[in-house]
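**Student:** Chain by chain, the residues:
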Amino acid sequence: MHPVVKLIAQRLALGMLLLLAASALIFVGTQILPGDVAQSILGQSATPQSLANLRAEMGLNEPALSRYFSWLFNAVQGDLGVALSNGQDIASSMGKRLSNTLFLAICAAIVAVPLAIILGLIAVRYQGRWPDRVISTVTLATVSVPEFLLGYIAMFFLSVQFRIFPSLATVYDGMTLLERLNAIALPVIVLVLVVLGHMMRMTRAAILNVMQSAYVETAELKGLRKFTIIARHALPNAIAPVVNVVMLNLAYLVVGVVVVEVVFVYPGMGQYLVDHVSKRDVPVVQACGLVFAAVYIGLNLVADIVSILSNPRLRHPK
Amino acid sequence: MTKDKVMKDDLAKLIDQIDAARLNRRGFMAGAAAVAGMAGMPRMAFAQTGTPKKGGHLKLGLGGGESSNSLDPALTLSQAPYNVMAHIGEPLVRVHPDNSLDMRVAEELSASPDAKVWTFKIRQGIKFHNGATLTADDVLKTMQRHSDEKATSGALGIMKGIASMRAEGDIFEITLTDANADLPYLMADRHLLIQPGGGMENPADGIMSGPYKIVVNEPGVRHTFERFADYWDDSIGHFDTTEILIINDVTARTSALQSGQVDMANLIDPKIAEFLARAPGVTLAQTQGRGQNVFVMHVDTAPFDNVDLRLALKYAIDRQEMLDKVLRGFGSIGNDIPINAAYPLFDETIPQREFDLEKAAEHYKKSGHDGSPIILRVADTAFPGAVDAAALFQQSALKAGIPLELKREPNDGYWSEVWNKQPFCASYWGGRPTQDQMYATAYISSAEWNDTKMKNDRLDALLMEARAELDQDKRKAQYREMADLVRDEGGLILPMFNDFLDAYSEKVAGWVNNPNGDMMNDQAALKCWMA
Numbered sequence: 404m405h406p407v408v409k410l411i412a413q414r415l416a417l418g419m420l421l422l423l424a425a426s427a428l429i430f431v432g433t434q435i436l437p438g439d440v441a442q443s444i445l446g447q448s449a450t451p452q453s454l455a456n457l458r459a460e461m462g463l464n465e466p467a468l469s470r471y472f473s474w475l476f477n478a479v480q481g482d483l484g485v486a487l488s489n490g491q492d493i494a495s496s497m498g499k500r501l502s503n504t505l506f507l508a509i510c511a512a513i514v515a516v517p518l519a520i521i522l523g524l525i526a527v528r529y530q531g532r533w534p535d536r537v538i539s540t541v542t543l544a545t546v547s548v549p550e551f552l553l554g555y556i557a558m559f560f561l562s563v564q565f566r567i568f569p570s571l572a573t574v575y576d577g578m579t580l581l582e583r584l585n586a587i588a589l590p591v592i593v594l595v596l597v598v599l600g601h602m603m604r605m606t607r608a609a610i611l612n613v614m615q616s617a618y619v620e621t622a623e624l625k626g627l628r629k630f631t632i633i634a635r636h637a638l639p640n641a642i643a644p645v646v647n648v649v650m651l652n653l654a655y656l657v658v659g660v661v662v663v664e665v666v667f668v669y670p671g672m673g674q675y676l677v678d679h680v681s682k683r684d685v686p687v688v689q690a691c692g693l694v695f696a697a698v699y700i701g702l703n704l705v706a707d708i709v710s711i712l713s714n715p716r717l718r719h720p721k
Numbered sequence: 004m005t006k007d008k009v010m011k012d013d014l015a016k017l018i019d020q021i022d023a024a025r026l027n028r029r030g031f032m033a034g035a036a037a038v039a040g041m042a043g044m045p046r047m048a049f050a051q052t053g054t055p056k057k058g059g060h061l062k063l064g065l066g067g068g069e070s071s072n073s074l075d076p077a078l079t080l081s082q083a084p085y086n087v088m089a090h091i092g093e094p095l096v097r098v099h100p101d102n103s104l105d106m107r108v109a110e111e112l113s114a115s116p117d118a119k120v121w122t123f124k125i126r127q128g129i130k131f132h133n134g135a136t137l138t139a140d141d142v143l144k145t146m147q148r149h150s151d152e153k154a155t156s157g158a159l160g161i162m163k164g165i166a167s168m169r170a171e172g173d174i175f176e177i178t179l180t181d182a183n184a185d186l187p188y189l190m191a192d193r194h195l196l197i198q199p200g201g202g203m204e205n206p207a208d209g210i211m212s213g214p215y216k217i218v219v220n221e222p223g224v225r226h227t228f229e230r231f232a233d234y235w236d237d238s239i240g241h242f243d244t245t246e247i248l249i250i251n252d253v254t255a256r257t258s259a260l261q262s263g264q265v266d267m268a269n270l271i272d273p274k275i276a277e278f279l280a281r282a283p284g285v286t287l288a289q290t291q292g293r294g295q296n297v298f299v300m301h302v303d304t305a306p307f308d309n310v311d312l313r314l315a316l317k318y319a320i321d322r323q324e325m326l327d328k329v330l331r332g333f334g335s336i337g338n339d340i341p342i343n344a345a346y347p348l349f350d351e352t353i354p355q356r357e358f359d360l361e362k363a364a365e366h367y368k369k370s371g372h373d374g375s376p377i378i379l380r381v382a383d384t385a386f387p388g389a390v391d392a393a394a395l396f397q398q399s400a401l402k403a404g405i406p407l408e409l410k411r412e413p414n415d416g417y418w419s420e421v422w423n424k425q426p427f428c429a430s431y432w433g434g435r436p437t438q439d440q441m442y443a444t445a446y447i448s449s450a451e452w453n454d455t456k457m458k459n460d461r462l463d464a465l466l467m468e469a470r471a472e473l474d475q476d477k478r479k480a481q482y483r484e485m486a487d488l489v490r491d492e493g494g495l496i497l498p499m500f501n502d503f504l505d506a507y508s509e510k511v512a513g514w515v516n517n518p519n520g521d522m523m524n525d526q527a528a529l530k531c532w533m534a
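Quick note, the sequences are listed as chains A and B, same order. Count the first sequence with the numbering used here and you get residues 404 to 721, in order. Count the second sequence with the numbering used here and you get residues 4 to 534, in order.
Pulled out of the complex, with its shape left as it was, chain A reads as follows:
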């Protein structure tokens, strides 16, 4: 078997094990939290009798272990069940949220990744001079400001003052692509600002590292333009660390943007998960947790494979 195929198979199997472990951890976590779904639903208006009735109706009186295994049994068959709190089918309501989250993440990535790499290349080209300083300072500043504050600032200027973009990013069925893009303009801007600094600086550092090599010196002696050297000779050899940081940031764009979702009222996975954690709605929390874990594991797998393929020494092991 080709070593790359073998590696992917190994990684996939390991990923499955990790998913299983994650689901067990999530279940334990929801059991440790105080209160249960019946109490959260009835809240201040709960009476002992209505609590008992609701618990019986939701099957909460069964022991925790048997609840976990019956969930697991159904989940591996592809049945994620229904939400305890409102009886909606989890797979379909989560599917909608997941596609929203991916849409936002992809749009942000389409802007942020090329921008970060180009800015990184420019920073290297003008290393130590003013373009480098400006790029570094601005991206560091945007990465350091809390994302909700960036959101409020963007909202104040672009939405309330000048009314360029809507402050609400609610998207729903029946919107055209253009309407959707207009709706998510503000969250995309904020997310780009949040992830740009990390990727840009990593690109810059990785390329600078390569720039010390002998073949770069050779290229310089050949009389190539500085930018050609960076783009053609240095970048391909710096691709592995760059892909790694890009994947980490993509994973963040999928699983870590709940604050931005709340500020812009975007119907993504983060808000969906938080709502159901506060209601102790275990099946939904489990399903979301699985998806998030799968995204993380999958993107890391991609990063590993890309770094192997980009490196001839790893691609053709002796």
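Take these hints with a grain of salt, some might be off.
[Unchecked claim] Below, a list of computed lysine to aspartate or glutamate pairs in the DMTMM-like style, where the Cα atoms sit at most 20 Å apart:
hint: 1; chain 1: B; residue 1: Lys119; chain 2: B; residue 2: Glu204
hint: 2; chain 1: B; residue 1: Lys530; chain 2: B; residue 2: Asp236
hint: 3; chain 1: B; residue 1: Lys368; chain 2: B; residue 2: Glu492
hint: 4; chain 1: B; residue 1: Lys216; chain 2: A; residue 2: Asp576
hint: 5; chain 1: B; residue 1: Lys124; chain 2: B; residue 2: Glu171
hint: 6; chain 1: B; residue 1: Lys479; chain 2: B; residue 2: Asp491
hint: 7; chain 1: B; residue 1: Lys424; chain 2: B; residue 2: Asp474
hint: 8; chain 1: B; residue 1: Lys153; chain 2: A; residue 2: Asp576
hint: 9; chain 1: B; residue 1: Lys130; chain 2: B; residue 2: Asp185
hint: 10; chain 1: B; residue 1: Lys56; chain 2: B; residue 2: Asp233
hint: 11; chain 1: A; residue 1: Lys499; chain 2: B; residue 2: Glu221
hint: 12; chain 1: B; residue 1: Lys369; chain 2: A; residue 2: Glu465
[What the hints assert, rightly or not] Cβ-to-Cβ under 8 Å is the rule here; a few derived chain A residues that face chain B:
hint: 13; residue: Gln442
hint: 14; residue: Thr450
hint: 15; residue: Leu468
hint: 16; residue: Val485
hint: 17; residue: Ala486
hint: 18; residue: Ser488
hint: 19; residue: Asn489
hint: 20; residue: Thr545
hint: 21; residue: Met558
hint: 22; residue: Ser562
hint: 23; residue: Pro670
hint: 24; residue: Tyr675
hint: 25; residue: Lys682
[Said to hold, decoys possible] Here are a few chain A residues that sit away from chain B, every Cβ distance over 10 Å (derived from the structure):
hint: 26; residue: Gly438
hint: 27; residue: Gly490
hint: 28; residue: Leu505
hint: 29; residue: Pro517
hint: 30; residue: Leu638
Honestly, the hints are just simulated from the structure, not real lab data. The beta carbon of each residue, even a glycine, is placed where N, CA and C say it ideally should be.
Chain B: place on chain A using the hints.
**Tutor:** Same frame as chain A, but now just chain B:
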């Protein structure tokens, strides 16, 4: 000075007088009617000019909604679902802003002289959204579902005093175990919306008899509605379509209103209310209601079982400072009773408890407390600004020599693990339509949510007497005695009542505050119209 301006000033003065408790409720209504009359307008429409017109699309930006919300009226618990339910459902009766009954599904009601048997005549010709006709049997089944032994309804607590129910023809009849002169107000509960077949088969299908039909139901994101063509009452439900957007972040909610993306918003933060009121095209609606921010002590647990210690704490709280700093003045000071002038039969002559450090120190000394720290548990979820309020309380108590100590609790699980379990914590109450219901909910010995653990035979007896009393003067005196008992012996420290703060844009008209709840007691989308 224009006529409008005169009217506004007069109204403001009336409201000031209420704040200063110089004017009783009847006086306010007469005054308001006079102001409205001067401008030549119908009495109820004094907040806005013009007559309702049909059409348009209303967008509400509401906090208090989650993706876990259900369309089952038995399970509604927060603002967004309340508004959704008011769109699509209808109870037997509702409560008007002046506390009179608004007859909805019930056309008429009558009681036996002993107030034990209540008869509701069901309005004929009401249609459900699925085309079926609403009958007394649907009403009966709905009430059965909410009062059933196996019920999971939030209304189960208030359905307890019912001995039997029956439906015959267009009559629905309730027989109570004990007399209750306020029963119609219980039927105005938000959960008790009439469903076809009582909603026994499919409680969350959203099919009810309200003025709007639900079109899109995406809990925690948005709900859209369209006018129900067969609705029986032409005087409400003016918009062609409406839309509820769930916006839980208060800054996002107010910016959406300011940038014109929504026409109304609820739960405005007192900290920014003043600025929002100055924004162009936006009106702030401040409703004096019954909502209250409280600190509750368990009177059966040491050291709070000592009446002098309780009094010491009650005197050691600076209510005015708390109102000014925590609520920015958007409220009124409390008097350690859960009742204020927004309730019918409130006695205005109950003396106000003043901030008095000397008396506090005196009572503290008399209590013989050993000086060990008194723990007050608090979390942000108790009420907006609860942590700040507790810190103010701690500072003023320390000045009287009372060793009050704060313990910060997590928001998550606060209502199940701290409130009603720990002996001293911060909390809130939303208020009830009548005094009877407020005392019955939390202050009599048998109350499920007796969060001060007060057990007073005299109070219990007075409540039952007042319930069956049809002479309003006697009833008022009975409620006065109950108020004195709770104020002087109870475990309730009530520093302030909070106003409801909503805001709406100039695109909508017809706003009338309703002291029973925010967003015109959930009915903004029913009673307003496009300006």
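**Student:** State for each hint whether it applies.
**Tutor:** Okay, the hints, checked on the actual structure:
For the proposed pair Lys119 (chain B) and Glu204 (chain B), the alpha carbon gap of about 31 Å is over 20 Å, so the pair is violated. For the proposed pair Lys530 (chain B) and Asp236 (chain B), the alpha carbon gap of about 11 Å is at most 20 Å, so the pair holds. Taking the CA atoms of Lys368 (chain B) and Glu492 (chain B), the gap is about 18 Å. The hint holds against a cut of 20 Å. For the given pair, Lys216 (chain B) sits about 19 Å from Asp576 (chain A) by alpha-carbon distance, which is consistent with the 20 Å threshold.
For the given pair, Lys124 (chain B) sits about 10 Å from Glu171 (chain B) by alpha-carbon distance, which is consistent with the 20 Å threshold. As the CA atoms of Lys479 (chain B) and Asp491 (chain B) are separated by approximately 18 Å, the hinted pair is consistent with the 20 Å bound. The hinted pair formed by Lys424 (chain B) and Asp474 (chain B) fails the criterion: a straight-line CA distance of about 39 Å is larger than 20 Å. Of the pairs offered as hints, the one joining Lys153 (chain B) and Asp576 (chain A) is violated, with about 38 Å between alpha carbons and a cut-off of 20 Å exceeded.
Restraint check: the Cα-Cα separation between Lys130 (chain B) and Asp185 (chain B) comes to about 28 Å, which exceeds 20 Å; the hinted pair is violated. At most 20 Å may separate the alpha-carbon atoms for a hinted pair to count; Lys56 (chain B) and Asp233 (chain B) meet this at roughly 18 Å. About 10 Å separates the Cα atoms of Lys499 (chain A) and Glu221 (chain B), which keeps this hinted pair within 20 Å; it holds. As the CA atoms of Lys369 (chain B) and Glu465 (chain A) are separated by approximately 52 Å, the hinted pair breaks the 20 Å bound.
With a cut of 8 Å, the hint placing Gln442 (chain A) at the interface with chain B holds, because the nearest CB-to-CB distance is about 5 Å. Below 8 Å, beta-carbon pairs count as interface contacts, and Thr450 (chain A) has one with chain B at about 5 Å; its hint therefore holds. Against a cut-off of 8 Å between C-beta atoms, the interface hint on Leu468 (chain A) is violated, since the closest Cβ of chain B lies about 23 Å away. Hint on Val485 (chain A) is violated. Least Cβ distance to chain B is approximately 11 Å, over the 8 Å limit.
Given hint, Ala486 (chain A) at the interface with chain B, holds; its Cβ is 6 Å from that chain's nearest Cβ, closer than 8 Å. Taken as an interface hint, Ser488 (chain A) checks out: its beta carbon lies about 4 Å from the nearest beta carbon of chain B, inside 8 Å. Because the closest C-beta pair between Asn489 (chain A) and chain B is about 4 Å apart, less than 8 Å, the hint holds. The beta carbon of Thr545 (chain A) comes no nearer than 19 Å to any beta carbon in chain B, farther than 8 Å, and the hint placing it at the interface is violated.
Given the 8 Å rule on beta carbons, the hint for Met558 (chain A) holds: about 5 Å separates it from the nearest Cβ of chain B. Interface restraint check for Ser562 (chain A): the shortest CB-CB distance to chain B comes to about 5 Å, inside 8 Å, so the restraint holds. For Pro670 (chain A), the suggested interface contact is upheld, since its CB lies about 4 Å from the closest CB of chain B, less than 8 Å. A least Cβ separation of about 5 Å between Tyr675 (chain A) and chain B falls short of the 8 Å threshold, and the interface hint therefore holds.
Interface hint status for Lys682 (chain A): upheld, as the beta-carbon distance to the closest one in chain B is roughly 4 Å, under 8 Å. In this structure Gly438 (chain A) is not separated from chain B by more than 10 Å, as the shortest Cβ-Cβ distance comes to only about 4 Å. With a least CB separation of 6 Å from chain B, Gly490 (chain A) falls inside the 10 Å interface cut-off, contrary to its annotation. The Cβ of Leu505 (chain A) sits about 16 Å from the closest Cβ of chain B, beyond the 10 Å cut-off, so the non-interface label holds.
With a least beta-carbon separation of about 30 Å from chain B, Pro517 (chain A) lies farther than 10 Å from that chain, consistent with its non-interface assignment. Non-interface status of Leu638 (chain A) relative to chain B is upheld: no Cβ of that chain comes within 10 Å, the nearest being about 40 Å off.
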